[in-house]
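A.B. asks: Below, each chain spelled out in residue letters.
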Amino acid sequence: MNTLTNMITPITLDTLTKFGINVGIIIIKIAVVLGIGLLHVAYATYFERKVIGHMQVRLGPMRVGPHGLLQPIADGIKLFFKEDIIPADADKPVFYLAPVIFMASAMVNLAVIPFASNFVIANINIGLLFIFAIAGLGVYGVFMSGWASNSKYAFIGGLRSSAQVLSYEIAMGLSLVGVMIMAGSLNLTDIVKAQGKSIYGMYAIPQIVAFVVFIIAAVAETNRTPFDLPEAESELVAGYFVEYSGFRFALFFLGEYIAMFIMASLAAVCFLGGWTIPWYITKVLPILKLVPGVVWFLLKVYAFIFFYYWIRATVPRYRYDQLMAIGWKILIPVALANLVVTGLLKILL
Amino acid sequence: MTAKEFLRKILFIEILKGMALTLRRLFSHAVTIQYPKERRPIAPGFRGQHALAKDSEGKAKCVGCGLCATICPSQCIYISREKGQVTKYEIEVLRCIYCGFCVEACPYGAIVLTENYEYSDYSRDAIYMKRDKLLSNWDKYMPGKKGEEYFKKFWRPMSEDFGTPSGQATFRGKR
Chain A
1 MNTLTNMITP
11 ITLDTLTKFG
21 INVGIIIIKI
31 AVVLGIGLLH
41 VAYATYFERK
51 VIGHMQVRLG
61 PMRVGPHGLL
71 QPIADGIKLF
81 FKEDIIPADA
91 DKPVFYLAPV
101 IFMASAMVNL
111 AVIPFASNFV
121 IANINIGLLF
131 IFAIAGLGVY
141 GVFMSGWASN
151 SKYAFIGGLR
161 SSAQVLSYEI
171 AMGLSLVGVM
181 IMAGSLNLTD
191 IVKAQGKSIY
201 GMYAIPQIVA
211 FVVFIIAAVA
221 ETNRTPFDLP
231 EAESELVAGY
241 FVEYSGFRFA
251 LFFLGEYIAM
261 FIMASLAAVC
271 FLGGWTIPWY
281 ITKVLPILKL
291 VPGVVWFLLK
301 VYAFIFFYYW
311 IRATVPRYRY
321 DQLMAIGWKI
331 LIPVALANLV
341 VTGLLKILL
Chain B
1 MTAKEFLRKI
11 LFIEILKGMA
21 LTLRRLFSHA
31 VTIQYPKERR
41 PIAPGFRGQH
51 ALAKDSEGKA
61 KCVGCGLCAT
71 ICPSQCIYIS
81 REKGQVTKYE
91 IEVLRCIYCG
101 FCVEACPYGA
111 IVLTENYEYS
121 DYSRDAIYMK
131 RDKLLSNWDK
141 YMPGKKGEEY
151 FKKFWRPMSE
161 DFGTPSGQAT
171 FRGKR
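In order, the protein sequences belong to chains A and B. If you count by the working numbering, then the first sequence holds residues 1 to 349, one letter each, in order. If you count by the working numbering, then the second sequence holds residues 1 to 175, one letter each, in order.
Keep in mind that the hints were calculated from the coordinates and are not lab data. Glycine included, each C-beta is placed from N, C-alpha and C at the ideal position. Certain hints may be false.
To be verified - Some chain B residues near chain A, calculated using beta-carbon distances under 10 angstroms:
{"hint": "1", "residue": "I13"}
{"hint": "2", "residue": "T22"}
{"hint": "3", "residue": "L23"}
{"hint": "4", "residue": "R25"}
{"hint": "5", "residue": "P143"}
{"hint": "6", "residue": "G147"}
{"hint": "7", "residue": "F151"}
{"hint": "8", "residue": "F154"}
{"hint": "9", "residue": "S166"}
{"hint": "10", "residue": "Q168"}
To be verified - Calculated cross-link-like contacts (lysine-lysine; reagent style BS3-like; alpha-carbon spacing at most 25 angstroms):
{"hint": "11", "chain 1": "B", "residue 1": "K9", "chain 2": "B", "residue 2": "K61"}
{"hint": "12", "chain 1": "A", "residue 1": "K329", "chain 2": "B", "residue 2": "K59"}
{"hint": "13", "chain 1": "B", "residue 1": "K37", "chain 2": "B", "residue 2": "K59"}
{"hint": "14", "chain 1": "B", "residue 1": "K54", "chain 2": "B", "residue 2": "K4"}
{"hint": "15", "chain 1": "A", "residue 1": "K329", "chain 2": "B", "residue 2": "K83"}
{"hint": "16", "chain 1": "B", "residue 1": "K54", "chain 2": "B", "residue 2": "K153"}
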């Protein structure tokens with residue numbers, strides 16, 4: 001009793017309350033981001049099916065609720081109650097672990113994405129590197145699931161996916177180095193602020209080459225069409241998660257859509273100016289200043305996600321050697337050349 | 001590779017063209033027909049579920065001659081007659097290919113294919129059609145004028161050929 005009264009002085013109590021309040025705020029932020037993230041995944045699938053359906057002159061989901069609006073909820077309930085089938089010869093611990101790693105590594109990235117000027121869960125100064133590192137970790141989930149399933153399709157899918165993600169990560173990293181040089185920071189909030197101050201308002205204009213490289217690499221990184229070889233339905237059934245069912249499958253699904261969200265927000269933050277809009281637009285239409293930043297951010301993110309769907313509805317799948325050739329022979333040299341030019345301009349100007 | 005081809009390649013011209021096409025399609029009307037709510041209009045003379053025709057007195061036209069059973073390519077019609085009465089007329093619908101040969105072969109216009117195509121069921125027995133079912137199908141799907149005009153519009157029963165064409169010398173014996 002005596003020691004306790006000695007420990008808690010008014011000053012430590014004050015810091016403790018501050019700490020407690022901070023923790024509380026962070027937890028609330030995490031809850032908001034996670035909730036929005038999960039809702040996003042549910043409705044991103046709906047949005048995808050609608051967009052691709054209409055592009056193929058179909059209607060997409062129409063039956064569950066008005067215009068099929070409750071379809072994602074029905075899908076979620078279905079996945080939740082499905083039987084959890086595990087192959088007899090699967091490597092069970094690895095099999096259990098793989099989807100968790102995959103989804104967790106996608107979800108952790110949500111922490112460093114700045115949704116608005118003062119809304120980011122972890123405002124760390126190596127945000128960009130953090131995203132790369134964690135996105136790279138996601139490959140372990142893919143590869144482990146391929147290995148643990150004891151199925152040739154899953155195994156080939158896992159191999160392809162890891163090869164693809166690793167090679168495109170280089171191109172993507174190099175394309176973002178140009179942004180880092182221009183902004184002079186790895187902190188995503190600082191990158192957005194630097195864009196707001198620049199003449200163009202967004203780095204997509206001076207860094208157009210890097211932007212194109214980034215778009216292509218981002219599509220490949222998330223295993224989406226036309227680079228969806230790891231899950232090529234026609235040859236590999238579904239790729240690395242063939243043997244997964246029920247909620248484990250749902251975890252992979254969640255991971256994939258959150259990874260898409262991360263890539264889209266990375267594009268929005270690094271190239272399209274995040275929550276800001278270019279100064280020349282606000283000069284013409286000053287009323288747009290009243291719109292909260294998070295609206296612009298989400299608008300950019302969903303435009304990019306729409307672009308993902310649009311590409312999927314248009315371009316057929318590449319061959320595996322073409323995929324590797326694009327990655328290693330075109331994207332990486334182009335990104336390197338862009339890097340050299342950006343660096344030289346930065347020194348000279 | 002010429003300069004033009006190179007430019008086309010690095011500017012993704014072909015892919016952009018394709019994407020313009022899909023974007024245009026995004027704003028076009030979908031061709032989907034929402035089946036139970038909307039239905040495709042049925043073409044006149046549609047060949048759906050079978051029915052045995054009745055005459056104006058409500059008696060079956062079928063005499064059990066067996067021409068339909070003979071011509072049926074999938075051999076799915078079973079007929080038997082006893083003492084001048086048709087005792088059995090059954091169609092195994094699951095084997096029918098809806099070619100309409102039976103309608104064409106029938107000299108009395110006794111069998112028709114109606115416009116009903118929604119008769120799926122959970123058991124084989126439920127869609128194995130016996131004579132009573134076939135006769136009731138006529139009342140259901142070919143009531144009144146529709147049934148009378150059906151043959152005139154889409155089929156020419158051969159019984160009409162039996163009569164002599166007008167304007168030709170006719171047999172003046174007992175008819």
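A.B. asks: With the threshold set at 25 angstroms, check whether the alpha-carbon distance from K9(B) to K61(B) stays at or below it.
C.D. replies: violated (72 angstroms)
A.B. asks: For the hint on Q168(B), does the least C-beta distance to chain A fall short of 10 angstroms?
C.D. replies: violated (58 angstroms)
A.B. asks: Does the alpha-carbon distance linking K54(B) and K4(B) stay inside the 25 angstroms limit?
C.D. replies: Cα-Cα ~75 angstroms, so violated.
A.B. asks: With the threshold set at 25 angstroms, check whether the alpha-carbon distance from K329(A) to K83(B) stays at or below it.
C.D. replies: Roughly 88 angstroms separates the two Cα atoms, so the pair is violated.
A.B. asks: Does K59(B) lie within 25 angstroms of K37(B) when you go C-alpha to C-alpha?
C.D. replies: With Cα atoms ~37 angstroms apart, K37(B) and K59(B) exceed 25 angstroms; violated.
A.B. asks: Less than 10 angstroms between beta-carbons is the criterion; does P143(B) satisfy it with respect to chain A?
C.D. replies: Because about 34 angstroms separates P143(B) from the closest Cβ in chain A, which is outside the 10 angstroms limit, the hint is violated.
A.B. asks: Regarding the hint that T22(B) lies at the interface with chain A, is the smallest CB-CB distance below 10 angstroms?
C.D. replies: Holds, about 4 angstroms.
A.B. asks: Quick one, is the G147(B) hint okay against chain A at 10 angstroms, beta carbons?
C.D. replies: Violated. Min distance 37 angstroms.
A.B. asks: Would you settle whether the hint for R25(B) is holds or violated, based on the nearest Cβ-Cβ distance to chain A being less than 10 angstroms?
C.D. replies: holds (5 angstroms)
A.B. asks: Given a cut of 10 angstroms on the nearest C-beta pair, is the interface hint for F151(B) held or broken against chain A?
C.D. replies: Not OK, violated: F151(B) not within 10 angstroms of chain A, min 39 angstroms.
A.B. asks: If you take the shortest Cβ to Cβ gap from S166(B) to chain A, is it below 10 angstroms?
C.D. replies: At about 54 angstroms, which exceeds the 10 angstroms cut-off, the nearest Cβ of chain A leaves the hint on S166(B) violated.
A.B. asks: Next item in the hint list is F154(B). Is there a CB on chain A closer than 10 angstroms to its CB?
C.D. replies: violated (33 angstroms)
Hints 1, 5, 6, 7, 8, 9, 10, 11, 12, 13, 14 and 15 from the list above are not met by this structure, while the remaining hints are.
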